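J.: If you want the building blocks of each chain, they are given just below.
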Amino acid sequence: MKKTKLGEFEELVLLTVAALQSEAYGVEIKRELEDRLKEKLSVGSIQSALKRMEEKGFLTSEFGEATLKRGGKRKRIYTTTSYAHKVLAEMKDIRTGLWESIPASLASELRTV
Amino acid sequence: MIPRENISPPRWPLGFLRLFIKKEYLEEIEGDMEELFYDNAEKVSVRKANLIYTWEILRLLRPILLKNLKTISTPTPIPMFRNYFKVSLRGFMKTPLSSFINIVGLSIAIGICVFVYGFAHWVYSTDQFHEHKNTVYLMTFLANRDGVLQVHGQTPRPLGEMLKQDFTHITDVCRVEDRSVVVKYNDNVFHERLRFTDPEFLTMLTFPLKWGDSGSLSDINSVILSEEMSVKYFGDENPVGESILIKFDDKNSKAFKVSGVAAEFPKSRTIGFNFLVNFENLRLADPGYDMQDWEAFVNATLIRVNDPADLKAIEMGMDKYKALQNKAVKEEWEIASFGFEQLATLHERSEEIKDDISRSSASNYKSIMFLSVVAVFLLALACFNYINIAIVTAAKRLKEIGVRKTIGATRRVVIVQFLTENVVMTFFALIVGVVLGATLFIPGFEQMWHFDMGFSLAVPGLWIYLLSILLLTAIASGIYPALYISRFEVAGILKGSVQFGKKNPITKTFLGIQLALALMFITTAVMFTQNSAYMAKRGWGYNQEAALYAQVPDGAAFEQLSAVMDQDPDVLLISGSRHHLGKSNTTAFIQMADRSYTVDQLSVDAKYFEAMGLTLAAGRTFRDLFETDKQTVIVNEEFVRSFNPGEGTGSVFRIDSVQYEVIGVVKDFHSYDFFKKVNPTIFKVADRGDFRYLSMRVRPGSENKTYKGLQANWAKLFPETPFQGGYQEDVWGSYFEEISIHATVWKVFGFMAVLLASLGLYGLMSLNIAGRAKEFSIRKVLGAGAKSIAGIIARQYVILFAVAVLLAAPTSYTLIKNLFDASYTYHMPVDFSGVVIAVALLVAVVLITVSTQVRKVLKSDPVNGLKQE
Chain A
1 MKKTKLGEFE
11 ELVLLTVAAL
21 QSEAYGVEIK
31 RELEDRLKEK
41 LSVGSIQSAL
51 KRMEEKGFLT
61 SEFGEATLKR
71 GGKRKRIYTT
81 TSYAHKVLAE
91 MKDIRTGLWE
101 SIPASLASEL
111 RTV
Chain B
1 MIPRENISPP
11 RWPLGFLRLF
21 IKKEYLEEIE
31 GDMEELFYDN
41 AEKVSVRKAN
51 LIYTWEILRL
61 LRPILLKNLK
71 TISTPTPIPM
81 FRNYFKVSLR
91 GFMKTPLSSF
101 INIVGLSIAI
111 GICVFVYGFA
121 HWVYSTDQFH
131 EHKNTVYLMT
141 FLANRDGVLQ
151 VHGQTPRPLG
161 EMLKQDFTHI
171 TDVCRVEDRS
181 VVVKYNDNVF
191 HERLRFTDPE
201 FLTMLTFPLK
211 WGDSGSLSDI
221 NSVILSEEMS
231 VKYFGDENPV
241 GESILIKFDD
251 KNSKAFKVSG
261 VAAEFPKSRT
271 IGFNFLVNFE
281 NLRLADPGYD
291 MQDWEAFVNA
301 TLIRVNDPAD
311 LKAIEMGMDK
321 YKALQNKAVK
331 EEWEIASFGF
341 EQLATLHERS
351 EEIKDDISRS
361 SASNYKSIMF
371 LSVVAVFLLA
381 LACFNYINIA
391 IVTAAKRLKE
401 IGVRKTIGAT
411 RRVVIVQFLT
421 ENVVMTFFAL
431 IVGVVLGATL
441 FIPGFEQMWH
451 FDMGFSLAVP
461 GLWIYLLSIL
471 LLTAIASGIY
481 PALYISRFEV
491 AGILKGSVQF
501 GKKNPITKTF
511 LGIQLALALM
521 FITTAVMFTQ
531 NSAYMAKRGW
541 GYNQEAALYA
551 QVPDGAAFEQ
561 LSAVMDQDPD
571 VLLISGSRHH
581 LGKSNTTAFI
591 QMADRSYTVD
601 QLSVDAKYFE
611 AMGLTLAAGR
621 TFRDLFETDK
631 QTVIVNEEFV
641 RSFNPGEGTG
651 SVFRIDSVQY
661 EVIGVVKDFH
671 SYDFFKKVNP
681 TIFKVADRGD
691 FRYLSMRVRP
701 GSENKTYKGL
711 QANWAKLFPE
721 TPFQGGYQED
731 VWGSYFEEIS
741 IHATVWKVFG
751 FMAVLLASLG
761 LYGLMSLNIA
771 GRAKEFSIRK
781 VLGAGAKSIA
791 GIIARQYVIL
801 FAVAVLLAAP
811 TSYTLIKNLF
821 DASYTYHMPV
831 DFSGVVIAVA
841 LLVAVVLITV
851 STQVRKVLKS
861 DPVNGLKQE
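Same order as they appear, the protein sequences are chains A and B.
Here our numbering is used: the first residue of the first sequence is 1, the next is one more, and so on.
Here our numbering is used: the first residue of the second sequence is 1, the next is one more, and so on.
No wet-lab data here; the hints were simulated from the structure.
Everything numeric in this text was worked out from a predicted model, so none of it was measured.
We put the CB at the ideal spot given by N, CA and C, even for glycine.
Hints are not guaranteed to be accurate.
Residues on chain A that point at chain B, a partial pick, calculated with CB under 10 Å [said to hold, decoys possible]:
#: 1; residue: 44
#: 2; residue: 67
#: 3; residue: 94
Below 30 Å or equal to it, Euclidean Cα-Cα: the simulated DSBU-like pairs (lysine-lysine) are [what the hints assert, rightly or not]:
#: 4; chain 1: A; residue 1: 40; chain 2: B; residue 2: 22
#: 5; chain 1: B; residue 1: 405; chain 2: B; residue 2: 133
#: 6; chain 1: B; residue 1: 22; chain 2: A; residue 2: 56
#: 7; chain 1: A; residue 1: 73; chain 2: B; residue 2: 322
#: 8; chain 1: A; residue 1: 56; chain 2: B; residue 2: 257
#: 9; chain 1: A; residue 1: 73; chain 2: B; residue 2: 48
#: 10; chain 1: B; residue 1: 508; chain 2: A; residue 2: 5
#: 11; chain 1: B; residue 1: 43; chain 2: A; residue 2: 69
#: 12; chain 1: B; residue 1: 508; chain 2: B; residue 2: 405
#: 13; chain 1: A; residue 1: 51; chain 2: B; residue 2: 67
#: 14; chain 1: B; residue 1: 67; chain 2: A; residue 2: 40
#: 15; chain 1: B; residue 1: 48; chain 2: A; residue 2: 51
#: 16; chain 1: A; residue 1: 69; chain 2: B; residue 2: 405
#: 17; chain 1: B; residue 1: 48; chain 2: A; residue 2: 40
#: 18; chain 1: A; residue 1: 69; chain 2: B; residue 2: 67
#: 19; chain 1: B; residue 1: 23; chain 2: A; residue 2: 51
Based on the sequences and whatever the hints tell you, model everything.
T.: As structure tokens, then:
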């Protein structure tokens with residue numbers, strides 16, 4: 001893994017963007033994550049994560065449609081980059097590798113928690 | 001669901017958001033926030049949605065979302081201001097005429113402001129140098145005279161001593177009594193005012209001493225001199241230890257040892273002294289002086305308390321003394337109550353206190369008011385000049401503003417730039433103004449009025465005052481032009497479609513106000529000058545010309561001098577009197593059938609009326625046989641008007657229970673100058689032994705010669721006593737000087753106002769004409785003559801001028817009428833001639849200004865005008 005670091009929260013947001021695809025804009029990402037994490041998230045935290053990852057090259061974005069509910073303001077739809085895919089895959093591999101190297105007895109204990 | 005259109009997210013957090021969040025993120029985040037808000041509004045409540053919205057916005061303030069802090073904080077503004085400064089200076093150089101007009105105008109106005117400050121400072125610091133100014137009081141009493149309660153500054157003689165014994169609150173008491181004496185040191189012999197006082201005088205009124213010891217006043221043989229007297233008699237030497245002879249009168253004199261010299265008195269004071277001696281010396285100077293006599297007064301009694309709050313208790317206890325006083329005197333002299341005047345404010349109240357030792361500063365306060373008004377008007381005139389010129393010259397700076405705006409200057413920045421320029425200009429004007437004020441206006445004024453207001457630039461208040469004038473003037477004159485000029489849009493400027501400065505109603509209004517103000521100032525100047533001339537010609541009610549007078553110590557001296565002067569063929573008539581017109585009189589208290597009145601009284605002999613040229617209106621004057629006329633009086637017309645209308649001679653009244661009959665009425669006369677009202681006056685017969693004045697009518701033309709003869713004879717007869725006397729024409733002292741100073745002062749103000757207004761007019765016209773050079777060139781080429789060009793130039797100012805005159809002429813007429821009534825007891829009848837002269841003067845000035853411009857146009861070569869782009 002290179003220097004570029006992906007924080008835990010960032011990784012979650014990045015995965016959500018990847019999951020939501022064309023629906024991946026601020027509020028929707030927030031909703032999705034809140035459902036999954038079962039906790040309240042602030043717009044600020046999501047937005048700062050998104051902007052940071054855009055800066056780092058994990059995400060690109062473009063304006064989507066405007067809705068009445070948004071007061072005529074356009075959404076910004078985020079898309080994951082191939083670089084992000086690579087990093088995500090790497091992360092997953094690392095994790096899987098680690099999981100596999102855990103002794104079987106402890107691993108089964110972990111699974112039951 | 002709540003209808004969408006009725007709810008919306010709260011506004012102020014949104015504004016907050018827009019202020020801080022990066023522009024490129026705004027649309028997205030705003031949209032998100034709004035979507036969330038409506039979701040919440042549906043799910044929970046609008047109120048809660050509002051709260052969540054606000055909270056969320058606060059939580060959006062994260063570094064990555066925020067605007068770059070470096071772009072928010074403006075870069076250090078100093079280089080920008082340096083640029084403004086440079087541009088201002090270049091601007092001044094480029095348009096020397098406008099800058100000259102602006103700076104001259106402002107600096108004159110600021111100079112006057114500096115002067116007003118100096119004067120006000122001088123007035124307000126009056127008597128404030130006394131350390132105990134808040135605990136020292138002058139005793140006064142209130143008495144009902146002529147139906148009016150009047151405050152008197154004198155005190156019954158025994159009161160001071162009694163108070164000191166009776167009240168523990170009173171720490172010090174000092175009595176003050178003044179007498180005229182002759183002071184002799186070697187060959188220096190002069191009439192002087194001597195002040196008898198208790199030793200506490202110098203601890204209560206803290207005049208510092210230059211030499212000697214202030215405690216020495218308790219020594220009955222000591223005298224303390226003022227700095228001025230010390231110089232007069234001893235030059236720069238330290239006179240302590242020297243002996244001077246003080247002659248109280250012909251018989252009594254005493255040698256005193258100089259034991260102290262006061263340091264130079266502060267410039268603004270109302271109480272001072274020339275010679276101070278112990279009060280006990282009065283026993284020698286005036287053997288008849290009874291210190292225990294409740295019926296007689298001492299000139300002043302000062303008390304000092306520990307705490308001003310103690311005064312209440314003292315005032316409460318004064319009834320006892322009032323009873324004592326009223327038991328001692330006759331009914332008509334009864335007093336209503338005793339009072340106390342604090343030293344710190346005595347000079348302000350002095351105007352209302354009769355016979356007090358302090359001098360009133362009321363007229364000074366009035367002057368401050370007048371001067372402030374004048375200063376504000378002049379400042380306004382100067383500001384109008386600036387505003388007008390700035391607006392008109394703005395055309396030349398449009399490109400600059402356009403460029404500045406293009407490269408990112410906001411309107412606010414342009415305003416700040418223009419105000420900065422203004423501050424720079426005002427600053428120059430301020431420097432020139434302070435120099436003008438300190439070296440020209442203040443010394444000029446001091447010289448005119450013969451006083452020294454001790455002006456110093458080292459007063460912190462002055463600099464605060466100047467700083468506020470700087471900012472106020474800069475903003476007042478600069479804000480309108482700045483707003484006006486910064487308003488234009490870049491596109492318009494650069495396309496050249498912005499047209500302005502040619503016909504601006506505001507410019508015209510300001511010019512109109514300037515002309516109106518100038519007219520008011522000129523009218524005032526003219527009227528004061530007219531009044532001064534009028535008063536010089538106004539009759540005094542008697543013939544003051546070809547009349548001489550001399551003061552004599554007693555009746556015997558009168559006989560001696562009279563016998564000598566009788567030999568002079570130029571002397572037509574000699575008269576003796578106890579009092580003298582313009583020099584002295586006394587107050588008498590007369591009882592008519594129903595009421596009592598105070599009148600002025602002069603005791604004279606039978607020839608006095610002829611000698612002074614008083615005109616008899618009815619009845620007769622005194623006969624030479626004094627005895628028969630002892631109980632008769634001659635009154636003036638004012639007396640008849642005030643007390644017994646219709647009845648002239650033959651009416652009777654009492655003075656101290658002696659009955660007098662009116663045998664004659666003389667026409668009203670001014671015993672003192674025109675500032676003082678003509679009071680009801682009576683003449684009584686004077687005893688020969690009481691004569692104090694010798695007055696003579698001399699052959700017209702021989703005044704000088706006779707005067708010299710009078711002095712020579714005096715010196716022969718009374719070598720020990722200095723001569724006091726002179727021409728009757730001079731008895732009013734500085735009156736005529738004073739009213740002519742009023743005229744001079746207003747002339748100066750009028751001149752400044754006209755100068756400012758005409759400078760403004762000149763500047764405005766020259767800019768206007770410069771802007772229309774092409775038009776005039778075409779007109780000239782097509783054959784327009786001087787007349788037509790002059791007509792065109794003048795036309796736009798004629799209406800303006802007419803309006804200004806129509807507004808200002810009646811206003812100034814009314815104003816001056818009131819001003820005269822307020823400042824002068826007697827003045828010339830105010831008519832329209834002054835206004836007419838003023839208008840004529842202003843027309844002349846305006847015409848000259850216009851004609852310089854017309855000539856400029858006529859002389860110019862039309863080719864040059866046409867070549868202009």
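J.: Which constraints among the numbered hints does this structure fail? Numbers only, ascending.
T.: 3, 5, 7, 8, 10 and 16
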